[in-house]
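Enquirer: Given chain A, put chain B in place with the hints provided.
If you want the building blocks of each chain, they are given just below.
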Amino acid sequence: MTIALLMVHGLVAVALLGAITHQTLAAWAPVRARPGSFLGRFRTVPSASFTNAIVVLYLVSALLGAILYLYFRVDVRPALERDGHWQSLGLFDLKEHFISIGLGLLPAYWVLWRRPCADESPRMRAVLTAVIALIVWWSFLIGHFMNNVRGFGQ
Amino acid sequence: MTSGLAVRRFAFTFGIAFAVLYVIALARDLALFTVYPSLGVVLFGTHHSKDVADPAIGFVAPAMYWYGWTATAATGALGLGFLAMLLPDRSTWRFGLAWVCVTPVLAMIACIYLTLPWFRL
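Protein chains in written order, with our numbering: chain A, 34 to 187; chain B, 894 to 1014.
Looking at chain A on its own, in the form it has when it is part of the complex (with noise of 0.2 Å):
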């Protein structure tokens, strides 16, 4: 059950990456990118239309992050502990610090995308996203990583 529930988590997971750094790159994108270009191809994609599902995943994601780590903390923690992974364990720790620092920008982050106003600069809106796209790959790659160390069964 809990390996079903970290497949259908890293699954989740990868969605969310795949959307936040596709929203990501074409707001930082330059404006005048040669129409067909790479960053081209990024821009005339409506980001906007991102922003919903991103919301959605984000919390699906966290949510399953937070159901397993119940049974992180009670199967997989205490052997990290026993074997003096003290480094991997901090690295962990900032993963979930990030994801509900994140939690709290979600309105935000739609309030920008769904309900811009003219008189905001744009930066500020790519700005956001990028914090919160790091959030997703520091969370993505170190919960990998702790996958790798010790995961659940082992």
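The set of hints was computed from the structure by calculation and includes no laboratory data. Please note that a few of the clues may not be correct.
Covered, in the sense of this in silico footprint (three residues per stretch, anywhere, with C-beta under 8 Å from a C-beta of chain A), are these stretches of chain B [claimed, not checked]:
{"id": "1", "segment": "897 to 905"}
{"id": "2", "segment": "921 to 931"}
{"id": "3", "segment": "960 to 969"}
{"id": "4", "segment": "992 to 1002"}
Over the 10 Å line for every Cβ pair with chain B, so calculated as not near, a few chain A residues [as the list claims (entries may be wrong)]:
{"id": "5", "residue": "Thr35"}
{"id": "6", "residue": "Gly51"}
{"id": "7", "residue": "Arg67"}
Computed from the model, here is a short list of chain B residues facing chain A with C-beta under 7 Å [to be verified]:
{"id": "8", "residue": "Thr1008"}
{"id": "9", "residue": "Trp1011"}
{"id": "10", "residue": "Phe1012"}
Being a predicted model, the structure only gives us computed values, none of them experimental. No residue lacks a Cβ here, since even glycine has one placed at the ideal position from N, Cα and C.
Expert: Below, chain B without anything else, positioned relative to chain A:
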């Protein structure tokens, strides 16, 4: 339009307040509740093993505070967000847009600082 501005104030205030309150909750260990996953018990407030019975109980029944810290930050941020919604629409919130980008980055740096002890073990 008015409700739209109020929603913006809520969203920006929530984002800024959540980041700040999460760091405070983490630094001061202010968890709204403590979870004991092996026992299936949730206690209101922050509880350390020595508060319950014996320091050794920490190995038998590990406590989790992350849920509580997140709940503390969310509760406080919700309150401040709703207060911001009550402010008059003429209030300018351009500064809020900048802070909602800067504050989480500062909060993440603070979290790194607070996590440094793990890397010194």
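Enquirer: Hint by hint, say whether it matches the structure.
Expert: Status of each hint after checking the structure:
no., hint, verdict
1, 897 to 905, "holds (count 6)"
2, 921 to 931, "holds (count 3)"
3, 960 to 969, "holds (count 5)"
4, 992 to 1002, "holds (count 6)"
5, Thr35, "12 Å, holds"
6, Gly51, "22 Å, holds"
7, Arg67, "29 Å, holds"
8, Thr1008, "5 Å, holds"
9, Trp1011, "3 Å, holds"
10, Phe1012, "5 Å, holds"
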